[in-house]
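Chemist: Each chain is listed here by its residues.
Number of protein chains: 2
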Amino acid sequence: MILNDFSALMLPAIELELKRQIDRVNEPRTRIFHEMFTYQLGWTGEGAGKEAQGKRIRPLLVLITCAACNGNWKTALPAAAAVELIHNFSLVHDDIEDNSNKRRGRDTIWMKWGMPQGINAGDALFVLSNQALLDLARTYPAEIVVKAAKMFHETCLDLTRGQYLDMSYEKRTDLTREDYWPMIGDKTAALLAACCAMGALLSEVDEATQEAYRAFGHYLGLAFQVQDDLLGIWGDSALTGKSTESDLVSRKLSLPILFGLGKEGSFARRWSEDQIRPDEVAELAEQLAADGARLYTQETADQMTDLALQSLRMAGPKGEAGEALFELVNKLINREA
Amino acid sequence: MILNDFSALMLPAIELELKRQIDRVNEPRTRIFHEMFTYQLGWTGEGAGKEAQGKRIRPLLVLITCAACNGNWKTALPAAAAVELIHNFSLVHDDIEDNSNKRRGRDTIWMKWGMPQGINAGDALFVLSNQALLDLARTYPAEIVVKAAKMFHETCLDLTRGQYLDMSYEKRTDLTREDYWPMIGDKTAALLAACCAMGALLSEVDEATQEAYRAFGHYLGLAFQVQDDLLGIWGDSALTGKSTESDLVSRKLSLPILFGLGKEGSFARRWSEDQIRPDEVAELAEQLAADGARLYTQETADQMTDLALQSLRMAGPKGEAGEALFELVNKLINREA
Numbered sequence: 000m001i002l003n004d005f006s007a008l009m010l011p012a013i014e015l016e017l018k019r020q021i022d023r024v025n026e027p028r029t030r031i032f033h034e035m036f037t038y039q040l041g042w043t044g045e046g047a048g049k050e051a052q053g054k055r056i057r058p059l060l061v062l063i064t065c066a067a068c069n070g071n072w073k074t075a076l077p078a079a080a081a082v083e084l085i086h087n088f089s090l091v092h093d094d095i096e097d098n099s100n101k102r103r104g105r106d107t108i109w110m111k112w113g114m115p116q117g118i119n120a121g122d123a124l125f126v127l128s129n130q131a132l133l134d135l136a137r138t139y140p141a142e143i144v145v146k147a148a149k150m151f152h153e154t155c156l157d158l159t160r161g162q163y164l165d166m167s168y169e170k171r172t173d174l175t176r177e178d179y180w181p182m183i184g185d186k187t188a189a190l191l192a193a194c195c196a197m198g199a200l201l202s203e204v205d206e207a208t209q210e211a212y213r214a215f216g217h218y219l220g221l222a223f224q225v226q227d228d229l230l231g232i233w234g235d236s237a238l239t240g241k242s243t244e245s246d247l248v249s250r251k252l253s254l255p256i257l258f259g260l261g262k263e264g265s266f267a268r269r270w271s272e273d274q275i276r277p278d279e280v281a282e283l284a285e286q287l288a289a290d291g292a293r294l295y296t297q298e299t300a301d302q303m304t305d306l307a308l309q310s311l312r313m314a315g316p317k318g319e320a321g322e323a324l325f326e327l328v329n330k331l332i333n334r335e336a
Numbered sequence: 000m001i002l003n004d005f006s007a008l009m010l011p012a013i014e015l016e017l018k019r020q021i022d023r024v025n026e027p028r029t030r031i032f033h034e035m036f037t038y039q040l041g042w043t044g045e046g047a048g049k050e051a052q053g054k055r056i057r058p059l060l061v062l063i064t065c066a067a068c069n070g071n072w073k074t075a076l077p078a079a080a081a082v083e084l085i086h087n088f089s090l091v092h093d094d095i096e097d098n099s100n101k102r103r104g105r106d107t108i109w110m111k112w113g114m115p116q117g118i119n120a121g122d123a124l125f126v127l128s129n130q131a132l133l134d135l136a137r138t139y140p141a142e143i144v145v146k147a148a149k150m151f152h153e154t155c156l157d158l159t160r161g162q163y164l165d166m167s168y169e170k171r172t173d174l175t176r177e178d179y180w181p182m183i184g185d186k187t188a189a190l191l192a193a194c195c196a197m198g199a200l201l202s203e204v205d206e207a208t209q210e211a212y213r214a215f216g217h218y219l220g221l222a223f224q225v226q227d228d229l230l231g232i233w234g235d236s237a238l239t240g241k242s243t244e245s246d247l248v249s250r251k252l253s254l255p256i257l258f259g260l261g262k263e264g265s266f267a268r269r270w271s272e273d274q275i276r277p278d279e280v281a282e283l284a285e286q287l288a289a290d291g292a293r294l295y296t297q298e299t300a301d302q303m304t305d306l307a308l309q310s311l312r313m314a315g316p317k318g319e320a321g322e323a324l325f326e327l328v329n330k331l332i333n334r335e336a
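Those protein sequence lines, which keep their order, are chains A and G.
Once you know that position 217 of the first sequence is 216 in numbering that gives the first Met the number 0, the rest is easy, because the numbers rise by one and skip nothing.
Once you know that position 80 of the second sequence is 79 in numbering that gives the first Met the number 0, the rest is easy, because the numbers rise by one and skip nothing.
Where hints are given, some of them may not hold.
[Stated by the list, open to error] Capping the alpha-carbon separation at 30 Å, the derived lysine-lysine pairs in DSSO-like fashion look like this:
id	chain 1	residue 1	chain 2	residue 2
1	G	K251	G	K146
2	A	K111	G	K146
3	A	K54	A	K73
4	A	K111	A	K49
5	G	K317	A	K18
6	A	K73	G	K149
7	G	K146	A	K146
Source of the hints: derived by calculation from the structure; they are not laboratory data.
Computed from a prediction, not measured in an experiment: that's the story for all the values here.
Sequences are here, hints too, so could you generate the full structure?
Modeler: This is how it looks when you write it as structure tokens:
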């Protein structure tokens, strides 16, 4: 439970740093503009609180990695805020692009303030995340700040490219499992890889170690996404809860679904015919499992987890923070929802 | 006509640098993603060419200012690309937010590729502009790059705040001329101010000179916008061309309109009643002029131009590049469309 201790120590510092960053737009003239960000970060509005804030996995990864490299995690706080803000920027825009009304059980920004203000609020989160990152210049030499900024924007480009691929896939019927990896590599793994690489960079360990941490974050991200895909079809809320939460209904091109389409059997035929109805979800999930999609997805998640653990061992994390990273892998991978 | 000589020299270099920056997403897998940017920059698609590219005023301002400070404008090219990309980012998102179908006579990105891809393409332009800026690290010391990046993001925050104000004004009926300045200061003047300050920073002149150039760009931006407001009501295309181009029809809260509303006379009554019809435009424009709005707006534009010229003299620009800056002021201010 060392991870819990680190979370208890770091989370309040992360929230404080986020508040400080958002305060840049806290002026009487832009009161509602500021409120959009405090709402998005889960501090204000209906349903505010822990649940609405999310788990802050990304900033925690930055800080714990930094600590596991014997760095001073407190000086890395601006970078932790930056990755959480960029994550929220992408959520705000994704919700508009995907036409999603709800996020973590609450109205999305664009539902509350309209689409135009939603786009602009996302843009501002992007800017604020950059400003957070540049605050590293208070304690780090300019060379390190420039390196961090370059790494950050390579990641942001990955995010937008991944989102482009994801949206361009929607209309395609010829996709295979090979199209899956570049998309989730860019959309999910790139940011987790950057969190770990950033934490290492800010502890000023050598480049080989930074790369090992980047690989750790990358495989952790892939494992996380594949596990997410598994739960999206065979998880409790996908099967027995509101079955509209099933990826079968939302037509997400997840790994098990691409596997099923590759079989070109009855699942692929049913998929190409028409929208899947919620009442078919249980039966189709069973059919996919019988085709081998569940086993394949589980094995892939395990493989990615092994690669993550291998990379982490290679990076050689130090002390209790190192133990916390191993614990984090298990927690993310063995989750049920 | 020294300005023309500088344009002829610098514009091809700007286009080349922009192409190089956009090439980051030029891969077979993201062919259409890349095409969105070459289209937006006016190089490809129907209507490609000079007209579609726009005037590239912002990158020219960076480079000519740099040259006027005896700096090497060629090393400032990444910053020139960055300001043009950020300008285009804001156009792409503004067009979605304002529901505009056309830009420079062509379909807007979101009309061509849909709203979700349009939002994401704008985000990618934002990232690309940051990556362009960070390319300054090839020739400049990291301290200068960090300064440039901070300046850049303060400006980006201004842009999003200005856009927030602009959109939040749409529903308000209590606006006065005092609400005008912060909005156009953020939306228009901030980026021109940053272009000049950036050009000066990259020539490594002293901070007082950098500030003088910033003030020059700021007042130039204000003068430009006020002149734009004047043309939006009394310009040829507003009056005699397609009168739907009149700010009276699009209900833009421009300076002459805010002046007219402040008079609380027959213009204000007509404005608050209902949408203005194209066939009323000529008469209402005349009425506004009779109320003194045209004179007031012209005098304000002249005042701002004087302040721009005063700041420019204070900055003490050198050589032919300096002359080109004075020429640029006259060209922007005396334009008829």
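Chemist: Please flag the earlier hints that this structure goes against, numbers listed from lowest up.
Modeler: Result: hints 1, 2 and 5 break, sorted rising.
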